[in-house]
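Enquirer: The chain contents come next:
Protein chains: 2
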Amino acid sequence: MYLASLGKLALGSRLKALSDHFYGAADEVYQTLGATIESRWLPVLRYLWDVGPSSVTEVADAIGQTHSAVSQLTDKLVHAGMVRRQRDPADGRRTVLVLTEKAHASLAELGPIWCAVRRGVTFSLEEHAAQLLDAIEACERALQERPVVQAILAEHAAIEASPVEVVPYAPELREHFHRLNAQWLERYFRIEEIDGVVMSDPERYILQPGGAIFFARLGEDIIGTCALLQESPGVFELTKMGVDETFRGLGAGKRLLDACIAEFHRREGHTLFLESNSVLRPALRMYEKAGFVLQPSIRPGSHYERADVYMVYQDR
Amino acid sequence: MYLASLGKLALGSRLKALSDHFYGAADEVYQTLGATIESRWLPVLRYLWDVGPSSVTEVADAIGQTHSAVSQLTDKLVHAGMVRRQRDPADGRRTVLVLTEKAHASLAELGPIWCAVRRGVTFSLEEHAAQLLDAIEACERALQERPVVQAILAEHAAIEASPVEVVPYAPELREHFHRLNAQWLERYFRIEEIDGVVMSDPERYILQPGGAIFFARLGEDIIGTCALLQESPGVFELTKMGVDETFRGLGAGKRLLDACIAEFHRREGHTLFLESNSVLRPALRMYEKAGFVLQPSIRPGSHYERADVYMVYQDR
DNA sequence: CAGAGATACGTTAGTGCTTACGTAAGTGCT
DNA sequence: AGCACTTACGTAAGCACTAACGTATCTCTG
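Protein chains in written order, with my numbering: chain G, 891 to 1206; chain P, 891 to 1206.
All the given hints hold, so there is nothing to weed out.
Treat identical chains as interchangeable: a pair holds within one or across any two.
With a straight-line Cα cutoff of 27 Å, these simulated DSS-like cross-link-like pairs (lysine-lysine) come out:
(1) Lys992 <-> Lys1144
(2) Lys1179 <-> Lys992
(3) Lys898 <-> Lys966
(4) Lys992 <-> Lys966
(5) Lys898 <-> Lys992
(6) Lys1144 <-> Lys898
(7) Lys1179 <-> Lys1144
If you are wondering where the hints come from, they were derived from the structure by calculation, not from laboratory data.
Sequences are here, hints too, so could you generate the full structure?
Expert: In structure tokens, the structure reads:
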């Protein structure tokens, strides 16, 4: 599913899809079992069933919808003979919604079906149903406490305020080198033996053999890294390029790449290559734009299991 | 929020509400920052951006919507100057959607905004965002493997096939007594000291002092329990009534209650009372229907912290 | 190579919700 | 008491999507 790759950007779309799935499933069940109810009615009917006669606004607030939605839904429920509208004698503005006898009878019969729904969802989703409910609840609460729009605007201001800077390796940044690379390795592949060795001691395995490491910095955050590894005199490998997922789109990758290529020239290398994997499409496109050319076959004697792309830099 | 109390029954509604919240938040951000994009466009635009020119059906499949939806969205995108429709020369039925130059320019500028969105969501929801995404992914997968409609219908058939039976205490059911009571105690209150003692050794604390325990059984599942505790000669307390959350609505509670009242009569008790809490509204309604009458104040010298309701049985 | 069936996709009608608006009824301030 | 305000709620218009349909095009089979 493509949407999964968009992560937090497509949260709305994915939630909607799941929501529609459950609505549809419930309706299918009701219809198959001959229940005269629709999935969208449930919150209103259950509220009136649990709490008793209530005004439109009261119901709307409880189930988290607008009074218009409840009012329109009430039209349908009245038409279906499930609800009566009554004027509130104490307050002429209010319309009190009351379940009819028919509704009481219908709802009483629905017990086993609702039970089956809960059981079926539990069977189908196993423990994920509870995890989903917990996550929803936690998110609802968090959104109340820390409105997401403000948070996003604040982050945007912070991002705009300070530019992405590229800085060379420094010992105190070593753990960032590990963190940033582990992030994408674990997400898309796994940490191969050679990765673990190099990531844990980059000074020894990258800098000492005549290589270089750069970091991208945004304010106080180290958001990306990239390494230039000297494989043999004049032959360099571009490797361990990683940008924090949440910080992509700021051009940090390109800046790091440019820094590595500049360093390659400064050291008067004659060959610069890289190995990658075809699933990392945005990265490959960036390499191409920077001057790397896709080779027809993978590099002979590659160190990496995951390598299925081999590119060589062609100066222009 | 009332919907939370419906649990798995209202999954669709809650997901929809969250979904709308995120769509709305994204649109607010785009508008505030002056980006000429709407949240609903994102899946299509990002797909074309990541994958390149694609046909309508291809996009629809990737983002999990119907071709109609994509087609109609395309109308808007064309109108906004973001997308061009092209006939596929190789297959005259297909319409290839291509991002315009303007779209490329717009999307390139959106990088920092998307970054801010990811960062903002992470800040606002903390670890719950990742939990939500994981749960969504797990549910999507589970729904594919075990369609929920079939699961529900199967459960319903199982429920209809065998009636709820009430059975008296037996030693091998002891752990069910603990499980069923722990479920609601932990959910709404906490397990007080006296609860723990009684639940762990019901034979000693309920049966030996002249009480009784009943269980509700559905097929192989023990789905509910209820106890009659003799407090002093002829004075009985109805206590430890619990029905498995997923099995509510089958009338098991009422059956257990009737069994306890019958037992109370069989033992020729003269007083039957219960203590409960006002949040357990459906249970209180059931007690009332069975003949319990709400007392004006709580029982003097109650054993329970949570008791704020005191009811006494009035034979009719 | 004809014709049945499948596929691609635009169009239309309908659904479930929203926002915006209008009206009636209650509330509060002077 | 009078007038601005708020509140309750129905109605209208609009949006995002779906299902159903129609048309054009392609593919497969005998």
